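Asker: Those protein sequences? They're chains L and R, same order as listed. So the first sequence is numbered by the numbering used here: it starts at 570 and just counts up by one. So the second sequence is numbered by the numbering used here: it starts at 133 and just counts up by one.
Possibly wrong hints are sitting among the right ones.
Partial chain R-side listing against chain L, Cβ under 10 Å, derived [to be verified]:
no.: 1; residue: Asp165
no.: 2; residue: Trp191
no.: 3; residue: Val195
no.: 4; residue: Ala206
no.: 5; residue: Ala208
no.: 6; residue: Trp235
no.: 7; residue: Tyr288
FYI, nobody ran anything at the bench for these hints, they're computed from the structure. Keep in mind the model is a prediction, meaning the values are calculated, not measured. Where is the CB? At the ideal position from N, CA and C, for every residue including glycine.
Okay, here's what each chain looks like letter by letter:
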Amino acid sequence: MNHDLFPVSRTDLDRLRETLIVRAQDDGVLDVAYRIMDSPVGPLLLATTEKGLVRVAFEIEDFDAVLETLAQRVSPRILDAPKRLDVAAVELEEYFTGHRHEFDLPLDHALSRGFRQEVQRFLPQIGYGQTLSYKEVAGLVGNPQAVRAVGTACATNPLPVVVPCHRVLRTDGSLGGYIGGLEAKTALLSLEQAA
Amino acid sequence: MRMKEPFEKAVERHGVTVLRVCRAVLGAGADADDAWSETFLAALRAWPELPEGTNVEAWLVRVAHRKAVDVTRARARHATPTDEVPDRASSLDDPSGDERGVWQAVAALPERQRLAIAYHYLGGLPHIQTAELIGGTPEAVRRAAADGIKSLRQTYNAGEAQKGESR
């Protein structure tokens with residue numbers, strides 16, 4: 570007898586997983602819920618805590634590695650619970666079709682600290698379709714010398730797209746870096762120019 | 133060091149095994165479903181405190197054993213006749229599931245054989261650990277599992293084509 574002869578259907582397992590998610594939420598033991606959605610810049614992983622959206626990740630970041638970091642730095646009580654991210658997914662879809670210019674989502678900045686978090690909290694003030702240089706951002710957060718640190722803050726932004734680090738460029742207008750790759754940065758900037 | 137692996141991985145890797153264990157112990161249906169849910173809920177709760185390097189599958193199978201005992205006790209307490217129809221469809225009705233009646237055949241085995249198959253054969257616990265859970269000697273567990281599998285083999289002889297979704 571092979572174990573496979575003891576049948577368990579995908580349907581049964583999916584139904585049980587649904588029940589587990591609901592009960593885990595009711596009992597307050599689902600610390601991080603995530604889902605993977607398609608987008609014009611490739612699959613995106615969205616993760617949320619009770620407080621709000623805690624992570625947006627591009628596929629090139631390696632989703633398994635992203636989940637492991639969440640387990641280490643936030644909580645290992647993580648489940649693939651797509652419904653918890655319905656609102657975020659809808660807002661992102663609206664953004665990618667050019668119908669949304671600002672995100673209205675609670676955010677959890679648990680993955681960044683200090684000056685980096687300060688910069689990331691500032692970034693949503695750069696309006697849709699606008700861009701600033703790293704240097705300008707440094708000035709606007711009150712630390713004009715900290716151009717490199719602003720670059721690091723953008724490069725380590727745990728909430729790309731939603732926190733628009735793609736709107737920060739080099740002083741000469743060249744792209745600088747991007748957590749999702751330069752192609753993704755270009756795509757987001759063109760999307761915002763076109764709208 | 134404490135467990136730092138996303139719990140989702142444990143559900144992905146061991147969800148099927150735990151359901152097989154629960155079904156072998158309780159029969160395919162609502163009781164096994166309850167035991168599965170209680171097992172993973174308890175595991176999720178305990179997960180951050182689980183020492184790194186724990187054999188997760190063996191740990192889950194032991195939790196499933198405790199939950200199956202709870203379900204069996206609850207069933208005994210509420211074993212009054214009722215007209216109520218269970219609100220969840222039994223997987224026995226699922227044509228993609230047990231079309232060959234394997235779970236029914238397991239349910240028809242003597243209890244010791246059923247439990248030995250559940251925890252040793254399907255759950256992967258060594259004979260000695262299975263004996264700790266279900267009583268008796270490791271040798272008796274070995275025999276019970278072998279006899280149970282032999283009897284299932286006679287029902288589903290090896291030459292028969294494998295049908296049905298297995299996972």
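Asker: The hint names Tyr288/R as touching chain L; please verify it with the least Cβ-Cβ distance against 10 Å.
Answerer: holds, 7 Å
Asker: Against chain L, with CB atoms and a cut of 10 Å, does the hint on Ala208/R hold up?
Answerer: violated, 23 Å
Asker: Given Ala206/R as an interface hint, is its Cβ closer than 10 Å to any Cβ of chain L?
Answerer: violated, 16 Å
Asker: Would you check whether Val195/R satisfies its interface hint, that is, whether its CB is within less than 10 Å of any CB in chain L?
Answerer: Constraint on Val195/R not satisfied, violated at 13 Å.
Asker: Using the nearest Cβ pair, does Asp165/R come within less than 10 Å of chain L?
Answerer: At 6 Å from the nearest chain L Cβ, Asp165/R passes the 10 Å test, so the hint holds.
Asker: Hold the hint about Trp235/R up to the distance rule: shortest CB distance to chain L must be less than 10 Å.
Answerer: Check passed: Cβ of Trp235/R comes within 7 Å of chain L, closer than 10 Å.
Asker: Holds or violated: is there a CB of chain L closer than 10 Å to the CB of Trp191/R?
Answerer: violated, 14 Å
Going down the numbered hints, you'll see the structure goes against 2, 3, 4, 5, while the others check out.
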